[in-house]
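Knowing the structure of chain A, use the given hints to seat chain B on it.
Protein chains: 2
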Amino acid sequence: MTTPARRGRPGYDLESLLGVAVKLFNERGYDGTSMEDLSRKLGITKSAIYHHVPSKEELLRLAVDRALNGLFAVAHEMEAQDGRAIDRLEFLVRGSVAVLAEQLPFVTLLLRVRGNTKAERAALARRREFDRLVTELVRQAAAEGDVRPDVDPAVTARLLYGMVNSLIEWYRPQARRRSTANGDGAEHGATPDELADAVCKIAFTGLRT
Amino acid sequence: MTTPARRGRPGYDLESLLGVAVKLFNERGYDGTSMEDLSRKLGITKSAIYHHVPSKEELLRLAVDRALNGLFAVAHEMEAQDGRAIDRLEFLVRGSVAVLAEQLPFVTLLLRVRGNTKAERAALARRREFDRLVTELVRQAAAEGDVRPDVDPAVTARLLYGMVNSLIEWYRPQARRRSTANGDGAEHGATPDELADAVCKIAFTGLRT
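Protein sequences appear in the order of chains A and B.
The first sequence lines up with residues 1 to 209 when you count with UniProt numbering.
The second sequence lines up with residues 1 to 209 when you count with UniProt numbering.
So here's chain A without its partners, still in its complex pose:
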């Protein structure tokens, strides 16, 4: 059974419907977007949407779970590794940058979740779990003598991920071009790998020469 196309517009599968919903949530806010808005944007009826998902909240859940699943997949891969905590921390940061770059609209939505609904509170709980995991890793690296002891590990972890998460504000992969000497290349120029390099250089060894 497929969703019939209406007025010449293509039908949507769950994936493309989710993509449009997430874009709209990011533009207008989740609370500020109704199923009516989504229906208008898609050019299909609300009942055609309900054919795919039972509620707006379910769209949110699917979207933020995609971001969270990506981040936790990196975390589990990281936990399976031997070696020093500082190296696992760098692995986690690089993997997180890759997830942010690849799933940008989904992570953007996740990071803007406020906690007004059950799905949002569940997402916030998983975010806190991820934060605790980062903090624990920083703490361990500090205990091994690889992370500076003069900043609270919880603060270090939050500042580190503050840097990582800021990518959602300025990284626009669809507009890739090389940065120029005098332009604001930050918006456009970098691949996910180059971004991860930049984050690790600044965060691990600082911007000062």
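One thing to keep in mind: the hints can contain errors.
If several chains are the same, the list does not tell them apart, and a pair holds so long as it fits within one copy or across any two.
Stated by the list, open to error - In the DSSO-like style, the derived pairs of lysine-lysine whose C-alpha atoms are separated by at most 30 angstroms in a straight line are:
(1) K201 to K41
(2) K56 to K41
(3) K56 to K201
(4) K201 to K118
(5) K23 to K46
(6) K23 to K56
(7) K46 to K201
Think of the hints as simulated: they come from the structure by calculation, not from any bench.
Below, chain B without anything else, positioned relative to chain A:
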């Protein structure tokens, strides 16, 4: 002329009205908050609100201008200083952390502005102006040999302020207590000065020992 108190509630001056409005905008989103919601929250009529401000957009403008004026005041103070760009950059970062900590709800609103209204677009334009100023300072410090040359100055500037701006996500000055060895002290423990120290240590010299 003062706003009469209604149903036993105190009257509001513009300042306290603005405080409640900003709190509500941050909880529900600016787009998702109506003057009706604000009127209910305040326990006064909409016309009592319109006695103080002509529109919801004017409340937004007043709020984000407070945050922006604070940041630009630091920038102007910074520009008046002699010496190396790297020292001016540190001055700007410390001053920005102080503004964030002191004007937390106002800066939070500023950083969530989406650009759907004229007031929001004006705020975004001033944010971009501030970003350019930071990038220019990083570029100058790199030219003076004090900032690493292997990351694009625009990227460095954005990562640095990604770290600074992340404070709005986790710093809660009203819940001050000392951090503990195993707790997540990051939420509560630090004064603005301690926060600025932490940001400068991590950003300028890195988290690695």
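Where does the structure disagree with the numbered hints, that is, which hint numbers, in rising order? 1, 3, 4 and 7
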